[in-house]
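Chemist: With these hints in hand, go ahead and build the complete structure from the sequences.
Sequential numbering of the sequence shown, starting at 1, is according to the numbering used here.
Hints are computed from structural coordinates only; laboratory data are not their basis. Since the model is a prediction, treat every value here as computed from it, not as a measurement. C-beta atoms are modelled at their ideal positions from N, C-alpha and C, and glycine is treated no differently. Among the hints, a few may not be true.
Claimed, not checked - Simulated restraints, written as ranges between beta carbons of each label pair:
id : residue 1 : residue 2 : range
1  : K48       : V13       : 20 to 26 Å
2  : Q19       : T79       : 45 to 51 Å
3  : K70       : E37       : 49 to 55 Å
4  : V13       : R44       : 17 to 23 Å
5  : I16       : E75       : 51 to 57 Å
6  : V38       : E65       : 57 to 63 Å
7  : K70       : I39       : 45 to 51 Å
8  : D22       : Q53       : 52 to 58 Å
Stated by the list, open to error - Derived DMTMM-like pairs: lysine to aspartate or glutamate, alpha-carbon spacing no greater than 25 Å straight-line:
id : residue 1 : residue 2
9  : K33       : D22
10 : K48       : D10
11 : K33       : D10
12 : K68       : E50
13 : K21       : E31
14 : K21       : E50
15 : K68       : D45
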Amino acid sequence: MTKQEISKDDRLVVRIDKQTKDAFMSRVDAEGKNASEVILHWVRDYLKSEPQQQPDLTQLYTDLEHLKRKVAVLEDEVTKKSAA
Numbered sequence: 001m002t003k004q005e006i007s008k009d010d011r012l013v014v015r016i017d018k019q020t021k022d023a024f025m026s027r028v029d030a031e032g033k034n035a036s037e038v039i040l041h042w043v044r045d046y047l048k049s050e051p052q053q054q055p056d057l058t059q060l061y062t063d064l065e066h067l068k069r070k071v072a073v074l075e076d077e078v079t080k081k082s083a084a
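Modeler: What follows is the structure, encoded as C-alpha cells:
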C-alpha cells in the first residue's frame, strides 16, 4: 500500500503515555522506520493470526467438578488401603 493510498484511509487514534510514545518514536527513528508503517505491520500480523477463543466457563466448571469427584473417590480408596 502506497503512502497516498494510506492517507485516503481511516485513522486510528490511540492514547499513550508520553514516556512510552517518546521511547517508541526514538526507536522507530533510530531504525529509520515510519511509526505508522510499524503499527500497520503489527495490525496486519494480528489480523493474520487465529482469533483467541474465550474458554467456555460453564464447561470448565463442569469438568472441574467432575475431576473433584474423581479425586475424592481416589483419596477415599487410598485412605481405606492405608488403614488396612
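Chemist: All the hints need checking, so say for each whether the structure fits it.
Modeler: Now for the hints, and whether the structure bears them out:
no.: 1; hint: K48 / V13: 20 to 26 Å; result: 24 Å, holds
no.: 2; hint: Q19 / T79: 45 to 51 Å; result: 58 Å, violated
no.: 3; hint: K70 / E37: 49 to 55 Å; result: 54 Å, holds
no.: 4; hint: V13 / R44: 17 to 23 Å; result: 19 Å, holds
no.: 5; hint: I16 / E75: 51 to 57 Å; result: 52 Å, holds
no.: 6; hint: V38 / E65: 57 to 63 Å; result: 47 Å, violated
no.: 7; hint: K70 / I39: 45 to 51 Å; result: 49 Å, holds
no.: 8; hint: D22 / Q53: 52 to 58 Å; result: 36 Å, violated
no.: 9; hint: K33 / D22; result: 14 Å, holds
no.: 10; hint: K48 / D10; result: 20 Å, holds
no.: 11; hint: K33 / D10; result: 21 Å, holds
no.: 12; hint: K68 / E50; result: 33 Å, violated
no.: 13; hint: K21 / E31; result: 15 Å, holds
no.: 14; hint: K21 / E50; result: 28 Å, violated
no.: 15; hint: K68 / D45; result: 41 Å, violated
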